[in-house]
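Following the hints, put chain V in place on chain F, whose structure we already have.
Order-wise, the sequence lines are chains F and V.
For what it's worth, our numbering labels the leading residue of the first sequence as 1, then goes sequentially.
For what it's worth, our numbering labels the leading residue of the second sequence as 1, then goes sequentially.
Because the hints were derived from the structure by calculation, they are not lab data.
Ideal placement from N, C-alpha and C gives every residue a C-beta, glycine not left out.
Among the hints, a few may not be true.
Covered stretches of chain F, as calculated for chain V (at least 3 residues, CB under 8 angstroms) [to be verified]:
1) 2–13
2) 154–161
3) 247–261
Derived Cβ-Cβ restraints for the label pairs, each shown as a range [unchecked claim]:
4) F:A254 - V:V25: 24 to 34 angstroms
5) V:E94 - F:F18: 33 to 43 angstroms
6) V:T68 - F:F18: 45 to 55 angstroms
7) F:N86 - V:G73: 55 to 65 angstroms
8) F:W7 - V:D77: 28 to 38 angstroms
9) V:D77 - F:G192: 24 to 34 angstroms
10) V:E205 - F:V196: 50 to 60 angstroms
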Amino acid sequence: MAWAKAWHDTRWRFAALFAVLVVLTCFFVLEWPQVQHLMATLDPAVAGRALGSGALDGNAYHALGEQIAAQRTFRGYIWYQWFDQNFASCVVLFAALLGSGSVLSTSGRGLLLSLSLPVSRGRWLEARAAIGFAQVLALALVPSLLIPLLAPAVGESYSVTEALVHGGLIFVLGSVFLAVAMLASAIVDDFGRAIVITAVVALGVGYAELLLPNGHGLFHALTGGAYFRAGTLPWTELVLGVALTGALIYGAAAHLARRDF
Amino acid sequence: MARRESNVVEAIVEIADLRKTYGGVEALAGLNLRVPRGAICGLLGRNGAGKTTALKALLGMVRPTSGTVKAHGLAADVPEQSLEIRRRTSFVSEDRDLYSSMSVAGIVGFAAGLYPRWRADLAAEYLRKLELPVERSVKHLSRGMRTKLAWLLALCAGAELVILDEPTAGLDPVATEELLQLLVARVARDGVTALLSTHQLADIEQVADHVAIIDHGRALLDAPLDDLRASHRRVQVVFAGEAPEIAFATRGVVSVRRAGRVLTVLVRADADGVAAEARARGAASVDVLPVTLKEIFIETVAEEKSNGLG
Numbered sequence: 001m002a003w004a005k006a007w008h009d010t011r012w013r014f015a016a017l018f019a020v021l022v023v024l025t026c027f028f029v030l031e032w033p034q035v036q037h038l039m040a041t042l043d044p045a046v047a048g049r050a051l052g053s054g055a056l057d058g059n060a061y062h063a064l065g066e067q068i069a070a071q072r073t074f075r076g077y078i079w080y081q082w083f084d085q086n087f088a089s090c091v092v093l094f095a096a097l098l099g100s101g102s103v104l105s106t107s108g109r110g111l112l113l114s115l116s117l118p119v120s121r122g123r124w125l126e127a128r129a130a131i132g133f134a135q136v137l138a139l140a141l142v143p144s145l146l147i148p149l150l151a152p153a154v155g156e157s158y159s160v161t162e163a164l165v166h167g168g169l170i171f172v173l174g175s176v177f178l179a180v181a182m183l184a185s186a187i188v189d190d191f192g193r194a195i196v197i198t199a200v201v202a203l204g205v206g207y208a209e210l211l212l213p214n215g216h217g218l219f220h221a222l223t224g225g226a227y228f229r230a231g232t233l234p235w236t237e238l239v240l241g242v243a244l245t246g247a248l249i250y251g252a253a254a255h256l257a258r259r260d261f
Numbered sequence: 001m002a003r004r005e006s007n008v009v010e011a012i013v014e015i016a017d018l019r020k021t022y023g024g025v026e027a028l029a030g031l032n033l034r035v036p037r038g039a040i041c042g043l044l045g046r047n048g049a050g051k052t053t054a055l056k057a058l059l060g061m062v063r064p065t066s067g068t069v070k071a072h073g074l075a076a077d078v079p080e081q082s083l084e085i086r087r088r089t090s091f092v093s094e095d096r097d098l099y100s101s102m103s104v105a106g107i108v109g110f111a112a113g114l115y116p117r118w119r120a121d122l123a124a125e126y127l128r129k130l131e132l133p134v135e136r137s138v139k140h141l142s143r144g145m146r147t148k149l150a151w152l153l154a155l156c157a158g159a160e161l162v163i164l165d166e167p168t169a170g171l172d173p174v175a176t177e178e179l180l181q182l183l184v185a186r187v188a189r190d191g192v193t194a195l196l197s198t199h200q201l202a203d204i205e206q207v208a209d210h211v212a213i214i215d216h217g218r219a220l221l222d223a224p225l226d227d228l229r230a231s232h233r234r235v236q237v238v239f240a241g242e243a244p245e246i247a248f249a250t251r252g253v254v255s256v257r258r259a260g261r262v263l264t265v266l267v268r269a270d271a272d273g274v275a276a277e278a279r280a281r282g283a284a285s286v287d288v289l290p291v292t293l294k295e296i297f298i299e300t301v302a303e304e305k306s307n308g309l310g
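This is chain F alone, in the form it adopts within the complex (with noise of 0.2 angstroms):
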């Protein structure tokens, strides 16, 4: 009965931020023949005068010409605007506001009445992380998988494997800030204060892989770049993530049983 709260407990915001996906996911597929024209009248010199003016360092300047060069392609295109930008970034926020808020409550209410159950605050725990990565799976494959399906629609085709690849490392990053937002939420129990918090280690990721060599951290490989590139998976990344949400889950089960209500 815990997942049947769990999953009554988030189950409208999951369905709005599913469709919201969806919505995402077939907007920026039938925009690729806009996109495809958009790119055919690119002037390549555009970049070379900014190069040339100092605007751009060298990398800079390579790395918008690998992304010219490679969005001529609709695996370029979808890649590049898709899965490392936006859908990285909306699973990742929506995941977080998934794991937002008391397992205990629902939209604060019922804090006592669900420790007056019998059921264990770890197994409250346990069933709202497994709902939400169940969530976050749904959120990170079904629009993965939708890319391939209307993919004839606008005259091209996608590898069923390689959106089941990025919807999958992008599921490891997402349960990752779902985590964090669990862990947040057993210590300030509310939804925003958690939001805000995991916002704010989002953040810091981000920034902290400015430092890290172009390609690692969290975001940078588990948005698939490397897989998109040369067909490698970044594994060091995969079990990092892996590690680190079964800390951050085990850290807010352990605090949990700690705490007085």
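Just chain V, lined up with the frame of chain F:
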């Protein structure tokens, strides 16, 4: 209301030297409490006396700083045992804290899935009797309706121990009577034990057979209500002139009040001894009268306060 005989010795709740400190503030200061199995026990105390903290410790919501809390012979501060306590105990919180997004039927079904001995027959009967709208969302229920629903969940859980925190606060007299009748019926029919923390002394007088008074986190009294009634007496002494100040030598004097010619003595044990002392000091008349629970409560708490100040 029918009163049951209570000669039960076995305790369903045993609290010994329980202490709980919140950031330097002592909410419980060595509480000792024993609730006999099968009793309706009234837990009385002023605001901030430590009643709710004691109930929360019993349900594993707060961890004791020291001391022991046991229910059904199980330790409430051991997580696995606390879970078993909660399987066998139901609770109505002071603010009727329910899941506001569920419907009445939804929350009843949810609770039914959690308690191994859920009484579906009683739930159906109480839903009808209490006129609860099954399809309505909990957030759209009036406070009285929410209270009734919280009682229903507690009484139908199949629990051996029902804990109710301010269970009739905010209810009209008809609803109060209706719910108290349901409680007494459950206790009489199924041997359930009820622990009521309340300020409604009239409710306790009506249904309880055991009373505990706590103040400043300690139990001042813990006894069967009949024993309290039998042992406590008000001795009203009238003098011909101004009542003298008398330091009674008889044991068990709880309080002495002087007002003009009248001296009112609340005595816990030997009322006849106090009456004899008063007569010896020239009293014109001496009456030994029964006392209400309210008088016992007020004087017991006032005595503790004056002892504390002294």
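Checklist entry - Honestly, do W7 (chain F) and D77 (chain V) meet the 28 to 38 angstroms range at C-beta? => result Holds, since W7 (chain F) and D77 (chain V) (Cβ atoms, about 31 angstroms apart) stay within the stated range.
Checklist entry - Per the hint of 45 to 55 angstroms, is the separation of the Cβ atoms of T68 (chain V) and F18 (chain F) within bounds? => result 49 angstroms, holds
Next on the checklist: Does the beta carbon distance between A254 (chain F) and V25 (chain V) stay inside 24 to 34 angstroms, or does it fall outside?
Outcome noted: About 26 angstroms separates the Cβ atoms of A254 (chain F) and V25 (chain V), which means 24 to 34 angstroms holds.
Checklist entry - Are 3 or more residues of the stretch 247–261 of chain F near chain V, judged by a Cβ distance of less than 8 angstroms? => result Holds: 4 residues of the stretch 247–261 of chain F have a Cβ under 8 angstroms from chain V.
Item to check | Within 8 angstroms of chain V (C-beta), three or more residues of the stretch 154–161 of chain F | outcome: violated (count 0)
Checklist entry - Is it true that E205 (chain V) and V196 (chain F) lie within 50 to 60 angstroms of each other by Cβ? => result 51 angstroms, holds
Item to check | Claimed coverage, the stretch 2–13 of chain F by chain V - three or more beta carbons nearer than 8 angstroms | outcome: holds (count 4)
Checklist entry - So does D77 (chain V) sit 24 to 34 angstroms from G192 (chain F), Cβ to Cβ? => result 32 angstroms, holds
Item to check | Distance restraint hint 55 to 65 angstroms, applied to the beta-carbon atoms of N86 (chain F) and G73 (chain V) | outcome: Holds, at about 59 angstroms.
Checklist entry - Okay, E94 (chain V) versus F18 (chain F) on CB: inside 33 to 43 angstroms? => result Holds - the Cβ-Cβ distance for E94 (chain V) and F18 (chain F), about 38 angstroms, lies within 33 to 43 angstroms.
Checked against the numbered hints above, the structure breaks only hint 2 and satisfies the rest.
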